[in-house]
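Those sequence lines, one after another, are chains A and B. Be aware that the first sequence starts at 62, since it is given in my numbering, and climbs by one per residue. Be aware that the second sequence starts at 62, since it is given in my numbering, and climbs by one per residue.
Honestly, the hints are just simulated from the structure, not real lab data. Where hints are given, some of them may not hold.
The list treats identical chains as interchangeable, and a pair is accepted whether it falls inside one copy or across any two copies.
Unchecked claim - Only pairs whose alpha carbons sit at most 25 Å apart, straight line, appear in this in silico SDA-like list of lysine to any residue:
1. Lys193 - Arg92
2. Lys65 - Leu165
3. Lys188 - Ala231
4. Lys188 - Ala228
5. Lys87 - Ser106
6. Lys245 - Gly225
7. Lys193 - Ser123
8. Lys107 - Thr156
9. Lys245 - Val136
10. Lys245 - Arg223
11. Lys245 - Leu196
12. Lys87 - Gln164
13. Lys245 - Ser96
14. Lys188 - Trp155
15. Lys188 - Asn218
Here is what each chain is made of, one letter per residue.
There are 2 protein chains.
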Amino acid sequence: MSAKPRIERAALEVFAAHGVDGATTKLIAARAEVSEGAIYRHWKSKDELAIGLFMAAHKRLSDLIEAEAGAVHGVAAKAAALVKAYCTAADEDWTLFSFHLLQLHHFLPYYQDDGRDPVTLVEMIIKYAMMKMELPPGDPRVVAAMAIGVITQTAQNKAYGRLGDDALSAHAPLMTAAVLAVLKAR
Amino acid sequence: MSAKPRIERAALEVFAAHGVDGATTKLIAARAEVSEGAIYRHWKSKDELAIGLFMAAHKRLSDLIEAEAGAVHGVAAKAAALVKAYCTAADEDWTLFSFHLLQLHHFLPYYQDDGRDPVTLVEMIIKYAMMKMELPPGDPRVVAAMAIGVITQTAQNKAYGRLGDDALSAHAPLMTAAVLAVLKAR
DNA sequence: CACTTGCAAGTAAATGCTCACATACCGCCA
DNA sequence: TGGCGGTATGTGAGCATTTACTTGCAAGTG
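Using the sequences and the hints, build the whole thing.
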């Protein structure tokens, strides 16, 4: 079996557990049952490996949000779509998702803001809904942050082991109601 | 002027910017305009320094939540108190607060759960309110996470520079309404 | 053969931390 | 008051270890 996917999995787990700076190439190699040199056959540096994994998660989540939210109309449906996007990403690869969640701030300097990150996407949805009077007025940046916070903090607490082993989607109905309530609250 | 407080400030800034593992003792010393050795006159290790700072922030926030929420009655007032506690902590020392916010997961293994962390405190408030039928039933762990997420994600986006330079408390009314909406939503 | 993938041993640089030494501070008693 | 000793504080060169990464070689593949 090829080493590359094994290294990716191992790196993901180690990065999620120890952070990018706390992770060592030795640990990653050991976990993948591969020599350290093997890593450098496929990536130029530890950081390139980390960035690649992070961007994959980032893109996956952004794509899901765009697809789910773009397919429906009305605030309630958009809220449900947002929750569904996060839950799908979390359920289909929890390690990748939690790595993205917990290490976000490490990579902020890297990703160019092409407006395709989750926060900006949600901001735009909210702005549009406010224009159409489907939502009461208010700073869209703050409203977006609060709505996303409902989901991400729940996911974080799950990552911290405070919510048991249920999939994130087990809490989707509750989160959907809460996101919608946040959007409408003022 | 004594070096200890200067080191604490410098460490806080460097930890917040680079993370605990990414921060070097050399950088901290340089920023504090102090020799590296001076750090070790006051702390046994870099980690001890980091843990000390983190715990100070952790305790401050927990104390504020306990005090503010303990002084009022009713769900609406408790929600306002929670927001006020976070805003006070953030406004009185933003560097300390954002360090605590962004590096939380690094210190999770350390703090013994004596039930005095912010999440547990909020969970207990919610449980009690549900018992008294002031809130609709639901998993208190998830409801607490969602309510806190409204505040922490807003703070995180501010830390990421997405909300301008206003104090966190500038958004307190909006956050209070949102937290209350989350608590009641189902 | 050409090319990719993997290994084991190694390298230079960096990191956290120490230690011998210097200086500032402070109570104490003549 | 002023000199004295003990302690707390700060220095910076230096140490052992760890780190990311490299390199020469071998085996698999087509």
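*Mind listing which of the numbered hints don't hold for this structure, in increasing order?*
Checked against the structure, the hints that fail are numbers 1, 13 and 14, while the rest are satisfied.
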